[in-house]
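This is what each chain is made of:
Number of protein chains: 4
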Amino acid sequence: MKVGIIGATGYGGLELIRLLHNHNEVEKIKLFTSSDEGAIFSQKFGHLKKLYDQPLEKIDADTLAELDVVFTSTPSGVSSKLLPPLLNSSTKFIDLSGDFRLKNLEDYEKWYKKESAPSDAVEQSVYGLSEWNKEAIQDAKLIANPGCYPTAVLLSLLPLLKEDLIYANGLVIDAKSGISGAGNKPSMMTHFSETNENTAIYKIHEHQHIPEIEQAMKMFANSDTPITFTTTLVPMTRGILATSYAQITPCTTEEQLYYCLVKQYQSNPFVRIIKETAKFGTNQVYGSNFCDIHVKVDSRTGRATIIAVIDNLVKGAAGQAIQNMNIQFGFDETTGLMQVPLYI
Amino acid sequence: MKVGIIGATGYGGLELIRLLHNHNEVEKIKLFTSSDEGAIFSQKFGHLKKLYDQPLEKIDADTLAELDVVFTSTPSGVSSKLLPPLLNSSTKFIDLSGDFRLKNLEDYEKWYKKESAPSDAVEQSVYGLSEWNKEAIQDAKLIANPGCYPTAVLLSLLPLLKEDLIYANGLVIDAKSGISGAGNKPSMMTHFSETNENTAIYKIHEHQHIPEIEQAMKMFANSDTPITFTTTLVPMTRGILATSYAQITPCTTEEQLYYCLVKQYQSNPFVRIIKETAKFGTNQVYGSNFCDIHVKVDSRTGRATIIAVIDNLVKGAAGQAIQNMNIQFGFDETTGLMQVPLYI
Amino acid sequence: MKVGIIGATGYGGLELIRLLHNHNEVEKIKLFTSSDEGAIFSQKFGHLKKLYDQPLEKIDADTLAELDVVFTSTPSGVSSKLLPPLLNSSTKFIDLSGDFRLKNLEDYEKWYKKESAPSDAVEQSVYGLSEWNKEAIQDAKLIANPGCYPTAVLLSLLPLLKEDLIYANGLVIDAKSGISGAGNKPSMMTHFSETNENTAIYKIHEHQHIPEIEQAMKMFANSDTPITFTTTLVPMTRGILATSYAQITPCTTEEQLYYCLVKQYQSNPFVRIIKETAKFGTNQVYGSNFCDIHVKVDSRTGRATIIAVIDNLVKGAAGQAIQNMNIQFGFDETTGLMQVPLYI
Amino acid sequence: MKVGIIGATGYGGLELIRLLHNHNEVEKIKLFTSSDEGAIFSQKFGHLKKLYDQPLEKIDADTLAELDVVFTSTPSGVSSKLLPPLLNSSTKFIDLSGDFRLKNLEDYEKWYKKESAPSDAVEQSVYGLSEWNKEAIQDAKLIANPGCYPTAVLLSLLPLLKEDLIYANGLVIDAKSGISGAGNKPSMMTHFSETNENTAIYKIHEHQHIPEIEQAMKMFANSDTPITFTTTLVPMTRGILATSYAQITPCTTEEQLYYCLVKQYQSNPFVRIIKETAKFGTNQVYGSNFCDIHVKVDSRTGRATIIAVIDNLVKGAAGQAIQNMNIQFGFDETTGLMQVPLYI
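Residue numbers (the UniProt record's numbering), protein chains in the order written: chain A, 1 to 344; chain B, 1 to 344; chain C, 1 to 344; chain D, 1 to 344.
If you are wondering where the hints come from, they were derived from the structure by calculation, not from laboratory data.
It should be emphasised that the depicted structure is a prediction, and the values quoted were computed from it without experimental measurement.
Incorrect hints may appear among the rest.
[To be verified] Listed below are the simulated DSSO-like cross-link pairs for lysine-lysine, each with C-alpha atoms no more than 30 Å apart in a straight line:
1. Lys-218/D - Lys-134/D
2. Lys-296/A - Lys-203/B
3. Lys-296/A - Lys-296/B
4. Lys-110/B - Lys-275/A
5. Lys-296/C - Lys-218/D
6. Lys-50/D - Lys-296/A
7. Lys-263/C - Lys-49/B
8. Lys-279/D - Lys-50/A
9. Lys-296/A - Lys-44/D
10. Lys-279/A - Lys-110/B
11. Lys-203/D - Lys-162/C
12. Lys-134/D - Lys-50/A
13. Lys-114/D - Lys-44/B
14. Lys-110/B - Lys-296/A
15. Lys-296/A - Lys-103/B
16. Lys-185/A - Lys-296/B
[Claimed, not checked] Short derived list, chain C residues pointing at chain D, Cβ under 10 Å:
17. His-205
18. Ile-240
19. Thr-277
20. Lys-279
Cβ coordinates follow ideal geometry from the N, Cα and C atoms, glycine included.
Full structure from sequences and hints, please.
Pasting the structure below:
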């Protein structure tokens, strides 16, 4: 396998490099840049010395066409322009940005406040929620890799919605995230002294992952109801904890919710359903491709609290992208992805 | 004013010392201990050198009876035994533990899993939510100072519930807290390496602040509905961000919610209603007695998201306790409490 | 007292506001800006709502001339141009930048890589190391407030150097600092995800505080030897811990070093000499104007390890500046500065 | 390979599991306990669910004798008693505690304040500084795996001392460490609220790694001089940055120091010598077995500053232990250890 990465200097790109480095099927990784051609990558990123001492290459259609797969890990609005002309080559593409996720182009323009990708490119893209869209992923030319928040939310809610164990109506999702989700561009929002010892809510009801979650709930669980979704930044680098609150349907029990999840994911190596726990946190998946899920019913209110934790840079970005590559190319799904979490 | 503190070595006690040190009306602070009589306080707590070089004193009824007010900042189950025999003296008491908060003794025993205080002591205690119970506080012999989570939640929800702008039914409260709320007793739950780079939910649906919030909602807003309430620990020392989700009543607008809050708190110096903000976080009240509140309506779902931030050790504990002392003794409510937040 | 602050939006300026807010002698604080005239300050800094709801004013010579004292807390290279024309007014100036600290203008240009202030302005400036230069500060028109690192280093080393208890020759100083010292301008250096879970050394042997320390060692201890000085950033917001290693002179004991420090600072309220301690850290001065000092002799090597901790924004910047103002205007040195440290 | 771990529930043990999990030559890992026999390991450590769902086993000589290698990652004072009776079996042992490191038993008892291991066991132990003791490691029955601080210090200083480019006399070492080095036992020293936003020096001149460093300097560089060594805890979980200050010998240049290091380690995959860098920090080795070294000469003072960074749990403990196992068993030194650092 020859692999290319466009956007290697971002956190998604760097995480792709970290994970692909120990992927048995990957023989060659090429890193592309729009601005810094010829620069030795490990001189920009000292942690890669002895590992990636090769130069960045110019983005070039012919070079890309010789690769088996290209990951684009670019800010929104970039791959929508870059990829469409390249889709006739034999190369497969996995886009980690949001540019090809929303099938409704107006939704993209409304929530991202940017021009959408052309409709034919969006149409042929496949939503890469690995555990839920495996068949389409196998045949995909272009994969729209899911957002970090949607991955945690959807993996934990889709089975329960699909089996009508919880109501979509009234669903409230409160997601907490580490700061790396905001990328590597310095701003007051990500400035250490403003972020440390601070827990802050932002983009209330306006996060661009809202339509992505709603679209997937419709697609995979036939649920067509707007959700309440907020995102809170907590002072850590990696990790998402998404807490969802839902009314359970009549006569549903905690046991049923638990076994519905267990059954759904029994043959999926990366989703772990946790029955009993005193403390359920993001560190149990740190640095790994796992998504851990826990559910509790409150008999006083008849509501369930459903919690999912992922590493936003792994299962929420680069890890799931590689999982999708594994599916696309017929490798075992776990190839290169069985890192043990660094819980400390 | 002569003031005593029982439980001075805990975080609540230390914060009382920090704040009372610059309180103009306080002439003398005595620190009491059950186990460490005679120890020089600043030798145990180096940050107080030159400020509190006095010895800890034995808890003694006669000594306490000479004081104007005594704060008890002890683990639950201590003041319930310690205070009842002392209530005949002329001294006033402000208890920062949960021992006198719940009027229903069975609730205490169910949620705290401890024996309750005697019913007559509980009956005469006054719930010290400063902005909502001022008259009763003025005459109180024994104040049950509110919990940290209830303070943030109640200040932000009571006005809206009372004015029927939101429904209590279906209310979901997702609170995030720094680690200092867990006190100073070492445990795996508060061990640095387990807590750092980790966001974790705990005691799901079982937190002892749930009946306290419900009792106050009934008392001040005549609302008698069980709530969904969860608590998540984030890797920082101080701060609570409580996010509440509620269905709004018909024809209610964001403006109405905002003005209801503004009107409720217009003469309250410590509650600030924030209209517009890109990022709303705990650092804007760090080290201060402020409670900041922000509200947004999601027109897509007809739900409001109401957020409150406090410093759990100040407005959520020692600060509110001193505010209550100010009210009890007829001082200006802000005496000794007008610290500017350390937003960095 | 009417006080002005130029550079109020930086971390030094914000800390001046925090501390001056509770200063009994200060009646009015005016905030000046070069770019944002008329903006309501508390709309830019939400933590100041209800506290500073006044507009920013244009920097204007006549307005400044009506003030008793003006603090300039600006990036290096600004006050060197701004202040010289204003020095004929009756206003006193306290500059928190490095622009007036180095008497040798070539040193300034070499270490700061900027054009120096005019020589006559530099000549009349007084180095504001409060505990060591009190007489000159009393009469100063323009105070050059010391840097954060020099404050910690000089307070701990000057007494020992002056009394010839340690050798200047061979002196090694290893200083650790929180990130707020780097100011509020976003950069990769201060980006949360790059800084969190990272301890990093920077500007090795090239920090602009080196000549400042050497100049003061000569001035106050007649010591004229180049020092080895490094600075390491640790993932916290506030605090400096400066560790110095020095050969002790023959027959000198740990006791002598300790009592030399005790004697030097016995009438100085903000310097505390700590004799015994299991753990000596920055949190014991957090948010306060204290400088704590601890010394240990290693009998195996004949060297002393001398450690000082300060809050870089208080004793290392705004606090010492206000202490200097108190000295200049004949107030008690501690006015407005007796905050108890927030050790948690 | 069949591998055993005694002390699997500590941070060293957990890190061994993390790294051995992807080691191609390891077929079976058995986890031993002295107190919790039969407990399912992943129920104690949720992050290992699906990865280590096996029970803990009783420590038993016969079971251990069937294994190829056993790692002991226990508190000091445990393996000194546990291992000596087992040394007649064919199993090899790698001890991560300090119990077999110091050849001088009095030194052990003085610095560790515990009874030493028996002298014959200590005599046959081999100090496992992989890059410097490869031959002895190949034949070792019992490896004393180096301490975290000594690993960083020795790798960076030994080449320069051995080549007489720096003086051992006057050497000052200032090491900074994340909190995980203190292990998993809760205490005030490691309590989150006491540790966060705090940088603190401890055990000044008394750290038990001092005699270990001095012993190795004598052994590998023939240098017999006491060192000044201090350790400072910084608020992060993983990482050590060790800064050493040394007088350079006459006519020595920065280039010479750099090339001496490059030459020493040119065939060592885990040591990287960094020539130019604006910021040199622990995150560039986070989660990996690398040791990065940087050196700068200060022409003003004639002293060199030599800095090394490692992950204390990997190169400073479990990683180096596995590297030693690879050497002992004739595998490629990098087997299972080529993780890319998680620099964010």
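> Which numbered hints are broken by the structure, listed smallest first?
Replying inline: As far as the earlier hints go, not one is violated by this structure.
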